[in-house]
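Enquirer: Chains as they are written, first to last, in the working numbering: chain A, 1 to 196; chain B, 1 to 210.
Derived from the structure by calculation, the hints contain no laboratory data. There may be inaccurate statements among the hints.
Result set (DSS-like, lysine-lysine): computed pairs, CA atoms no more than 30 Å apart in a straight line [unchecked claim]:
id, chain 1, residue 1, chain 2, residue 2
1, A, LYS65, A, LYS122
2, B, LYS185, A, LYS169
3, B, LYS92, A, LYS169
4, A, LYS196, B, LYS81
5, A, LYS196, A, LYS122
6, A, LYS149, B, LYS81
7, A, LYS65, B, LYS92
8, B, LYS185, A, LYS65
9, B, LYS185, A, LYS63
10, B, LYS92, A, LYS196
11, A, LYS196, B, LYS53
12, B, LYS53, A, LYS65
13, A, LYS122, A, LYS169
14, B, LYS185, A, LYS122
15, B, LYS185, A, LYS125
16, A, LYS149, A, LYS65
17, A, LYS125, B, LYS92
18, A, LYS196, B, LYS185
19, A, LYS149, B, LYS92
20, A, LYS169, B, LYS81
21, A, LYS63, B, LYS81
Simulated restraints, written as ranges between beta carbons of each label pair [said to hold, decoys possible]:
id, chain 1, residue 1, chain 2, residue 2, range
22, B, GLU183, A, MET151, 42 to 52 Å
23, A, PRO43, B, GLN72, 28 to 38 Å
24, A, SER70, B, LYS53, 23 to 33 Å
25, A, ARG40, B, GLU183, 19 to 29 Å
Think of the CB as a built atom: it goes at the ideal place given N, C-alpha and C, for glycine as much as any other residue.
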Amino acid sequence: MRKSFLLGSWFLLLGSLLGCTAIYGWNIHAPGILSSEFARDVPQAQHRVALYVPAGQKEYLSKDKGTRLSDPQIYYIGEAYVPMLIESFQSGFSELILMEAVPTPAMMQQYGIEALVVSEIKDFKNRKALSAQGLDLYTETTVFNSNLKLMRRFETRGTSEAPGTFAKKGGLEVNLNAAIEGALRETVSQVQDVLK
Amino acid sequence: MKQEPWIKNPVWAAFLLLVLGPWFLVPRGFANEVLNSQEIKMPNSGAVVMVRKNSKTGTPYVVITDPQNPRQDLAALDTHKYRRPDYRMLQKGVSAQDVNYNGPYSSKKKIYILAATLATAGATAAIVGPALFPAAAATGAAGGSVMVPAAAAAVGGSALTVAAKKYQDHFQNLPDDYNRESESKIIETETDFYQMYVAKVDKRPLQGDR
Numbered sequence: 001m002r003k004s005f006l007l008g009s010w011f012l013l014l015g016s017l018l019g020c021t022a023i024y025g026w027n028i029h030a031p032g033i034l035s036s037e038f039a040r041d042v043p044q045a046q047h048r049v050a051l052y053v054p055a056g057q058k059e060y061l062s063k064d065k066g067t068r069l070s071d072p073q074i075y076y077i078g079e080a081y082v083p084m085l086i087e088s089f090q091s092g093f094s095e096l097i098l099m100e101a102v103p104t105p106a107m108m109q110q111y112g113i114e115a116l117v118v119s120e121i122k123d124f125k126n127r128k129a130l131s132a133q134g135l136d137l138y139t140e141t142t143v144f145n146s147n148l149k150l151m152r153r154f155e156t157r158g159t160s161e162a163p164g165t166f167a168k169k170g171g172l173e174v175n176l177n178a179a180i181e182g183a184l185r186e187t188v189s190q191v192q193d194v195l196k
Numbered sequence: 001m002k003q004e005p006w007i008k009n010p011v012w013a014a015f016l017l018l019v020l021g022p023w024f025l026v027p028r029g030f031a032n033e034v035l036n037s038q039e040i041k042m043p044n045s046g047a048v049v050m051v052r053k054n055s056k057t058g059t060p061y062v063v064i065t066d067p068q069n070p071r072q073d074l075a076a077l078d079t080h081k082y083r084r085p086d087y088r089m090l091q092k093g094v095s096a097q098d099v100n101y102n103g104p105y106s107s108k109k110k111i112y113i114l115a116a117t118l119a120t121a122g123a124t125a126a127i128v129g130p131a132l133f134p135a136a137a138a139t140g141a142a143g144g145s146v147m148v149p150a151a152a153a154a155v156g157g158s159a160l161t162v163a164a165k166k167y168q169d170h171f172q173n174l175p176d177d178y179n180r181e182s183e184s185k186i187i188e189t190e191t192d193f194y195q196m197y198v199a200k201v202d203k204r205p206l207q208g209d210r
């Protein structure tokens, strides 16, 4: 009887700790939409490009809490990155085709597509300090021609660093959005440069 | 002897011979057959072309999809409509209200919900915790402002209105304490699409932990 009571207590303690972890902390969902600055700063290029998003990008998340003593944090990066990626290419190019099917050279020629762009999230860093927070998003993008041969492969970094994000409503979310937008700004500019 | 005008002028005669001659020699419909044969030779990829709208902006774009293997992850993106973010709100002293931010947010109210739950439910909360807490957390994140006393909210509201006006007037003179950077570097490599994305084994999404 006493043994089962002790065992039950252990389960209660474990359960309460799990409950704490689930409720205590920060779930950070970025708005997932570009700022009006993007369309203003990145001019549209007259090309027909296709975008291929590898599987698993939308589910990409990070639990990097910056420092050992920080509250638990979950950054839902992929769910904002994918719609922003599509929007950035809609804004940066006159004709965008999203490739959900695995592309082939025949398909590229059939639809008159100049280039295929594949973009992936590679890494995410949370540089949290006492007064400020810096977020770095690293992506890798590969551009292929209509025969699916390599044209350019490049890495981008988008960084947003701001003070008092934890104390501000929406501060963390907008900081993450800004880091994603920074990486996408470089991505679109590089692809436009390849197709010049 | 009177000659026809086109015989008189050898240049004119050569022109007629070169331009009109081949036209008579080529069989009727030959040109059309060449064009049609190119179209017929195109392989059938089995892909389907459709139009989808950007889940956030509503702007349409073309999608080429494989009906045998549709991408559910791309078809079901987050559809919450938010105003475009204004990154000036990341500057010190500028609040979400100043720029009319209406996007998602996380708050410390979850911690108070936890404290209240533990205080009232005691140890029994631990048993139902995993099932109950996420719902409580979601409610707290979405409608957490309910916990703020009405009087405090009213006072806060008027103070924010004053602050908003203040920053409307002085937006240009804010301290430059907010930093955004972006850079890119080219990776030298030799590859093609199939080596990178078809031949390789699918990796699970990466997660950064510290």
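Enquirer: Could you run down the list of hints and mark each one as holding or not?
Expert: Hint check results:
no., hint, verdict
1, A:LYS65 x A:LYS122, "holds, 18 Å"
2, B:LYS185 x A:LYS169, "violated, 34 Å"
3, B:LYS92 x A:LYS169, "holds, 13 Å"
4, A:LYS196 x B:LYS81, "violated, 34 Å"
5, A:LYS196 x A:LYS122, "holds, 26 Å"
6, A:LYS149 x B:LYS81, "violated, 38 Å"
7, A:LYS65 x B:LYS92, "holds, 22 Å"
8, B:LYS185 x A:LYS65, "holds, 27 Å"
9, B:LYS185 x A:LYS63, "holds, 26 Å"
10, B:LYS92 x A:LYS196, "violated, 40 Å"
11, A:LYS196 x B:LYS53, "holds, 28 Å"
12, B:LYS53 x A:LYS65, "violated, 34 Å"
13, A:LYS122 x A:LYS169, "holds, 28 Å"
14, B:LYS185 x A:LYS122, "holds, 14 Å"
15, B:LYS185 x A:LYS125, "holds, 18 Å"
16, A:LYS149 x A:LYS65, "violated, 39 Å"
17, A:LYS125 x B:LYS92, "holds, 22 Å"
18, A:LYS196 x B:LYS185, "holds, 18 Å"
19, A:LYS149 x B:LYS92, "violated, 47 Å"
20, A:LYS169 x B:LYS81, "holds, 18 Å"
21, A:LYS63 x B:LYS81, "holds, 26 Å"
22, B:GLU183 x A:MET151: 42 to 52 Å, "violated, 20 Å"
23, A:PRO43 x B:GLN72: 28 to 38 Å, "holds, 34 Å"
24, A:SER70 x B:LYS53: 23 to 33 Å, "violated, 38 Å"
25, A:ARG40 x B:GLU183: 19 to 29 Å, "holds, 20 Å"
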